[in-house]
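Student: These protein sequence lines are chains A and B, in that order.
Residue 482 in numbering that gives the first Met the number 0 sits at position 483 of the first sequence; the count goes up by one each step and never skips.
Residue 6 in numbering that gives the first Met the number 0 sits at position 7 of the second sequence; the count goes up by one each step and never skips.
One thing to keep in mind: the hints can contain errors.
To be verified - Part of the chain A face toward chain B, derived, beta carbon under 10 angstroms:
hint, residue
1, A156
2, A190
3, V426
Claimed, not checked - Label-pair restraints from in silico Cβ distances:
hint, chain 1, residue 1, chain 2, residue 2, range
4, B, R120, A, S374, 22 to 32 angstroms
5, B, N24, A, R51, 47 to 57 angstroms
6, A, A580, B, V91, 28 to 38 angstroms
7, B, V91, A, S374, 17 to 27 angstroms
8, A, W69, B, I87, 17 to 27 angstroms
9, B, N24, A, E163, 17 to 27 angstroms
10, B, V91, A, S7, 30 to 40 angstroms
11, A, A580, B, K27, 24 to 34 angstroms
12, B, I1, A, S7, 42 to 52 angstroms
13, B, T85, A, S30, 31 to 41 angstroms
What the hints assert, rightly or not - Far from chain B, by Cβ distances over 10 angstroms, these chain A residues were calculated:
hint, residue
14, V466
15, A510
16, A580
It should be emphasised that the hints constitute simulated quantities derived from the structure, not laboratory data.
Being a predicted model, the structure only gives us computed values, none of them experimental.
Idealized CB from N, CA, C, for every residue including glycine.
Each chain is listed here by its residues.
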Amino acid sequence: MSHAGLASLLPLPVVAPLLGAVAAPLAARLSGRLAVVVGAAALATSTMVLARLAPDVYRGEQLTHFMGHWTPVGGAALGVAFSADAWGLTYALAASAVGAVLLVYTLSEQGDLGRRELGGLASLFLLLDAALIGVALTADVINLFVWFEVAALASYALTAFFLERPRALEAAFKILVLTTLAGFAVFLGAALLYANHGATNFGQLHLALAAGGVRAPDTVALGLLVAGLATKAGLVPFHGWLPDAHTAAPGPVSALFSALMVGLGVVATARLTFQVFTPEAAGPILGVLMVVGVGSAVAGGLFALFQDDLKRLLAYDTVSQMGVLVVGLATGEASGLAGTAYHLVNHALFKALLFLCAGAIVHQTGATGLSEMGSLARRVPWLAAAFVVGVVAIAGVPPFDGYASVGLIHDALEHGGQGGPLVLMLVAQTLTIAALGKAAWMAFFRRRDGDYDQCERLRPGMLASLVLLGIACLASGVFPGFLLDHMAGPAAGALLAAPGYAAGALGSGAALPPARVTFEYLRPAELALVAATVAAAVPLARWAAGVDRDGRVPAVLRAVQSGSVNDYAAYLVAGLVATVAALAWR
Amino acid sequence: MIVGNYLAAVALFCIGLYAVLTKRNLVKIVMGLSLIEASTYLLLLSFGYRAHSTAPVLLNPPSGRSPTDLAAGNVADPMLQNVCLTAIVIGVAVTGVFLAVTVRLAQHYGSVDTDDVRDMRG
Chain A
0 MSHAGLASLL PLPVVAPLLG AVAAPLAARL SGRLAVVVGA AALATSTMVL
50 ARLAPDVYRG EQLTHFMGHW TPVGGAALGV AFSADAWGLT YALAASAVGA
100 VLLVYTLSEQ GDLGRRELGG LASLFLLLDA ALIGVALTAD VINLFVWFEV
150 AALASYALTA FFLERPRALE AAFKILVLTT LAGFAVFLGA ALLYANHGAT
200 NFGQLHLALA AGGVRAPDTV ALGLLVAGLA TKAGLVPFHG WLPDAHTAAP
250 GPVSALFSAL MVGLGVVATA RLTFQVFTPE AAGPILGVLM VVGVGSAVAG
300 GLFALFQDDL KRLLAYDTVS QMGVLVVGLA TGEASGLAGT AYHLVNHALF
350 KALLFLCAGA IVHQTGATGL SEMGSLARRV PWLAAAFVVG VVAIAGVPPF
400 DGYASVGLIH DALEHGGQGG PLVLMLVAQT LTIAALGKAA WMAFFRRRDG
450 DYDQCERLRP GMLASLVLLG IACLASGVFP GFLLDHMAGP AAGALLAAPG
500 YAAGALGSGA ALPPARVTFE YLRPAELALV AATVAAAVPL ARWAAGVDRD
550 GRVPAVLRAV QSGSVNDYAA YLVAGLVATV AALAWR
Chain B
0 MIVGNYLAAV ALFCIGLYAV LTKRNLVKIV MGLSLIEAST YLLLLSFGYR
50 AHSTAPVLLN PPSGRSPTDL AAGNVADPML QNVCLTAIVI GVAVTGVFLA
100 VTVRLAQHYG SVDTDDVRDM RG
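This is chain B alone, in the form it adopts within the complex (with noise of 0.2 angstroms):
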C-alpha cells in the first residue's frame, strides 16, 4: 500500500510535468504545476510513514499506551508533514499569484496561448 503511494506520487508527477512541457494553455500550465505539488505532498508523507505506526497525536493515547510508547517510534513522522503543511501555505499563495497574472494576461492578449505571450526572446 506504501507502494501504491510511491507509485501513485509518480504519476501525478508524470502527469503535471507532461502538461508543463507540452501544454500551451496557461491554465493548464498553471494545473500542471499544481499536479506536480500534490505529488511531492504525497511523497512526502510517505517518507514519513513508518509500517504500523499511528497517527502523531501524543495526547490522549489509545488505551493501553502511553505518549512515551508513541513517542518512542510507533508513530508516522509529524516533521515531514508539517513541513508539508508549510509547503500547502505557500502553495496556495503560490497559485494565487499564478492565476490572478493569467487573469490579467487573458485580458491584455486575448488569449491563454504561451505562443501568442512571447514577446520577449532572444
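Next comes chain A alone, as it looks inside the complex (with noise of 0.2 angstroms):
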C-alpha cells in the first residue's frame, strides 16, 4: 500500500473502538456477553490496523492524516492531523493488544454481570482505551484536551462502576476532582499555545517555538500542560487519586487504569517536552521532570510497602512505576528514552498481570487485605505462578522483562552522572521489590489456617490471559536486542528528532532516524546491581510483613494521604504552581 493509503488508515484504530463503544450496549439488549465481544473485536481490529503501520513507522517513517483531508496551506495546518511516529504507536499499539486481552479476561471473570452492566462496562472500556489511542496518535493540542477529557470522562464512570459499594463513589469523587482541575490545566495550557502562535498542530508549534524563541507565556503553557498530564500518570504530588480509584474499580478495569490509562500522562508529556518544545529551548523542563520522577518512585515504593490491601499496594507500585519511567524521560538521552519505551511496554505487560491476578483473588475468594490471605499457591496454583512472574518482572530479574528497560534508564543516569538521582532509584526498586514480595509471600505461601469462604477455579478465559500475558513479560524479556533496534530504539529516535516530527505532523513525509540504543545483557555490574537490589529488599519484605497494620510509620504515611479530597486537590495546586514557577522562573 502506497504511503497516503497507509496513512489514512490512521483514524481506524481509533473509529474501531468509538463505534464499539456504540454497538456495545446494543449488542447487550441480546447477549451481556456479545457486548464484551463486540469490545474485544474492536480492540482487535485497532491492534490489527496499527500492527500493519508498524513496519513502515519503526522503519523510520511517519505517518500523518489530516482530518477531512484539510491539508496544511502555506505551512498552517486547518485540520485536526493524527500522525503515526515510533513513540506513539508503541503506547497505541500496548493500549489496543493490552486492552483486547484484559477484555477476553472481563468476559471469562464477568461474565456472569447482568446485560445492562457488561453493556455498560465494555462501551465505557472502549471508549477510555479509544481515548488513549488518541492521545497516542493526535498531532493537535486542543484535539490533545479532547482525548484527555474523554479518558477522563469514562475513568470517571468505570471507577463508580459498582455504585452500590461506598469506596466506589468515594473514589469516583476523589478522581473527579482532581481530573477536573488537571482537565482546566490542560485546557487554558492548550489555549495559551494557541493564543500564542495561532497554531494547534504539533509540527507548526514547534517551528513557531523554534523561530520565535520560547517566551514566558510558552513555559507557563508547558507548565500547565505537563502538571495536568502528571496527574493522570498519577505522579507525586498530583496521585492522590490514584490509589482509590485502582482499590474500588473492577479487577480488569483496575488493570486497564493502572497498565495503560496513566500511560497517557507520559506519552503526553514526552511529546511536548521533546517534540513541540525541545530541552534545550524549555529551560529546567528535564529537571523538573527528574524531581518529580524519582519522588513518585520514591514516595511510591514507601507507600505501597506498608499497604495491607492487595490492590492498593499494586497501584502505589503504580505511582512508582510511572516515576521510573518519567526519570528516564528526564535523563534526556537516547538510552533512556529507549528505556522509557521499552519499560512503558513492559508495565503494561506485567502491571496488568499484576492486577488481573489481584482482582481474581478478590473476585474468587472476596478478601481484599493481605492479612486475609495466605496459602493461595495451594488453593490457585496457576495464580501463584502468574503472581510471581508478575513480581520478578517488576523486580527487574533476567531474563524477564523489567531488567534491560530498567537497566537502560540506570544506564543513562550513569552515564550522564546523575549519581544522585542513580542512588534513589536504587532505593525505589529495592522498595518496590521488597513491597511486591512482602504481597506474594503473604497472598500465596504464607500458611493460612481456615478455610475460604468460597474458592472456585480458575476459568478457560482467565486462565489464557494470564498466560499470555506471562509469556509477553518473558518474551519481552527475552528479545532485547530485536525490541531496541525495531521499538525502543525507533521511538527514543523520534523523541530526539523534533524538526523531523514537525516536517512529518505538517504533512511532509519526514523520516526519523532510529536510535541506535545497545544494551550489555550480561554485563556484571547490571546484574550485581538486580542482585543487591533483590538482597536489600528481602529482609526489608520481612520487616514489612510483620509490621501491625497500626504501626507506627504507617501513621505517619496516613496523615500524608489523609484521605480527605480538599488535601488531595492542594496537593495537586501546589505542584502545579512549582511547576510552572520552575519552568517560568530563568
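Since each chain comes alone in its own frame, lean on the hints to assemble the complex.
Tutor: Here you go:
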C-alpha cells in the first residue's frame, strides 16, 4: 500500500473502539457476553491496523493523516492531524493489544454480570481505550485536550462502576475533583499555546517556538500542560486519586487504569517536552521531570511497602513505576528514552498481569487485605505462578522484561553522571521489590489456617489471558536486542528528532532516524545491581510483613495520604504552582 | 474593559479554588469547580479578543464591509470561542457525573461532608 494509503488508515484504530462503544450496549440487549465480544473484536481490529502500520513506522517513517483532508496551506495546518511516529505507535499498540486481552479476561471473570452492566462496562472500557489511542496518535494540542477529557469521563464512570459500594463512590469523587482540576490545566495550557502562536498543530507549534524563541507565556503553558498530564499519570504530588480509584474498580478495570491509562500522561508529556518544545529551549523542564520522577519512584515504593490492601499496594507501585518512566525521560539521552519506551510496554504487560491476579483473588475469595490471605499457592497454583512472574518481572530479574528496560534507564543516569538520582532509583527499586515480595509471600506462600468461604478454580478465559500476559513478560525480556532495534530505538529516535517530527506532522513525509541503543545484557555491574537490590529487599519485605496494620510508620503515611479530597486538591495545586514557577523562573 | 475581563476571570478562579481547597461540603466543592471552569472560559474568550473587533460572523457583513475585510483581522478569534464551546459541553457532562456521584454518596453516608467520606487513606 502506498504511503498516503497507509496514512489514511490512521483514524481507524480510534474509530473502531468508538464504534464498538456504541455497538456494545446495543449488543448487550441480545446478550451481555456479546457486548464484551464486540469490544474485544473492536480492539483486535485496532491492533491489526496498527500492526499493519508498524513495519513502516518502526523503519523511521512518519505517517500523517489530516481529518477531512484539510491539509496544511502555506505551513498552517487547518485540520486536526493524526500522526504516527514510533513513540506514539508503541503506546497505541500496547493500549489496543493489552486492552483486547483485558476484555477477554473480563468476559471470563465478569461474564455473569447483568446485561446492562456488561454493556456499560464494555462501552466505557472501549471509550477509554479509544481515548488512549487518540492521545498516542494525535498531533494537535486541542485534540489532545479532547482525548484527555474523553479518557477522564470514561474513567470517572468506570471508577464508580460498582455504584452500590460506598468506596467506589468515594474514589469516584476524588478522581473527579483531581482530574477536573487537571483538565483545566491542560485546557488553559493548550489555549495559551494557541493564543501565543495561532497554531494547534504540534509541528506548526514547534516551528513557531523554534523561530520566535520560547517566552514566558510558553513556559507557563508547558508547566500547565505537564502538571495536568502528571495528574493523569499519577505522579507525586498529583497522585491523590490513584490508589483509591484502583482499589475500588473491578479487577480488569484496575488493570486498564494502571497498565494503560496512566501511561497517557507520560506519552503526552514526552511529546510536548521533546517534540513540541525541546529540552534545550524549555529551560529546566528535564530538571522538573527528574525531581517529580525520582520523588514518585521513592514515595510510591514507600507507600506500597506498608499497604495491607493488595490492589492498593499495586496501585502505589504504579505511582513508583510512572516515576521510573519519567526519570527515563528526564535523562534526555537516547538510551534513557529507549528505556522509557521499553518500560512503558513492559509496565503495561506486568502490571496488567498483577492486577488481574489481584482482581481474581478478590473475586474468588472475597478477601481484599493481605492479612486475610495466605496459602493461596496451594489452592490456585496458576494464579500464584502468574503473580510470581509479574513480581520477578517488576523486580528486574533476568530473563524477565523489567531487567533490560530499567537497566537502560540506570545506564542513562550513570552515563549522564547523575549519581544522586541513580542512588534514589536503586532505593526505589529495592522498595518496589520488597513491597511486591511481601505481597507474594503474604498472599500465596504464608500458611493460613482455616478455609476460604469460597474459592473457585480459574476459568479458561482468565487462565488464557494470564498465560498470554506472562509469556509476553518473558518474551519481552528475552529479546531485548530485537525490541531495542525495532521498537524502543525508533521511539527514542522519534522523540529526539523534533524538526523531523514537526515536518512530518505538517504532512511532508519526513524520516525519523531510529536511535542506536545497545544494552549489554550480561554486564556484571548490571547483574550485581539486581542482586544487590533483591538482597536488600528480602529483609525489608520480612520486616514490612511483620509491621502491624496500625504500626508506627503507616501512621505517618496516613497523615500525608489523609483521604480528604481537599488535601489532595491542595497537593495538586501546590505541585502545579511549583511546576509553573520552576519553568517560568529563568 | 478587557482588563476587567482578566480581573474577573482571576477573581472567579480564586473564589472557586478557595471553595475546592477549604470547603468540606461536597456540593460546594462541585460549585467551586464550576466557578473555576467559568473563569477559564472568560479567560479564553478574552485571549481571543481583538481591539475594536466584531463578532466572527463572516456571512452578511455590516454595510460597507466584505467578508474578506472581516476575515482579515478585525474579528474576535473564533477558534478560542469554538474551543470554549467544546469545553462547555464537556463541562456539562462532568458536572452531571459529579452531581450523580454526590447524590449517591449522600444516600450512602447520610452526609455530604468530605470528612465523613474518607474511608480510604494511607
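Student: Give a verdict on every hint.
Tutor: Going through the hints against the structure:
At its closest, the beta carbon of A/A156 sits 7 angstroms from a beta carbon of chain B; the interface hint therefore holds under the 10 angstroms criterion. Checking A/A190 against chain B: minimum C-beta separation of about 5 angstroms stays under 10 angstroms; hint holds. Given the 10 angstroms rule on beta carbons, the hint for A/V426 is violated: about 21 angstroms separates it from the nearest Cβ of chain B. A hinted range of 22 to 32 angstroms for the beta carbons of B/R120 and A/S374 is consistent with their spacing of about 29 angstroms.
Under the hint 47 to 57 angstroms, the C-beta atoms of B/N24 and A/R51, about 53 angstroms apart, fit the expected range. A/A580 and B/V91 have their C-beta atoms about 33 angstroms apart, which keeps the hinted 28 to 38 angstroms range intact. Against the hinted window of 17 to 27 angstroms, the Cβ-Cβ separation of B/V91 and A/S374 comes to about 51 angstroms, which falls outside the hint. Between A/W69 and B/I87 the Cβ separation comes to about 24 angstroms, which falls inside the hinted range of 17 to 27 angstroms.
A C-beta distance of roughly 24 angstroms is found between B/N24 and A/E163, which places it inside the suggested range of 17 to 27 angstroms. For the hinted restraint 30 to 40 angstroms between B/V91 and A/S7, the CB-CB distance of approximately 34 angstroms keeps it satisfied. The beta-carbon spacing between A/A580 and B/K27, approximately 28 angstroms, falls within the hinted interval of 24 to 34 angstroms. Distance hint check: the CB atoms of B/I1 and A/S7 are about 43 angstroms apart, consistent with the given range 42 to 52 angstroms.
Between B/T85 and A/S30 the C-beta distance comes to about 36 angstroms, which sits within the given range of 31 to 41 angstroms. Chain B leaves A/V466 outside its interface by the beta-carbon criterion, the shortest separation being 32 angstroms against a cut-off of 10 angstroms. Against chain B, the non-interface label of A/A510 holds: every CB pair exceeds 10 angstroms, the least being about 32 angstroms. For A/A580, the shortest C-beta to C-beta distance to chain B comes to about 16 angstroms, beyond the 10 angstroms cut-off, and the non-interface label holds.
Comparing the model with each numbered hint stated earlier shows that hints 3 and 7 do not hold.
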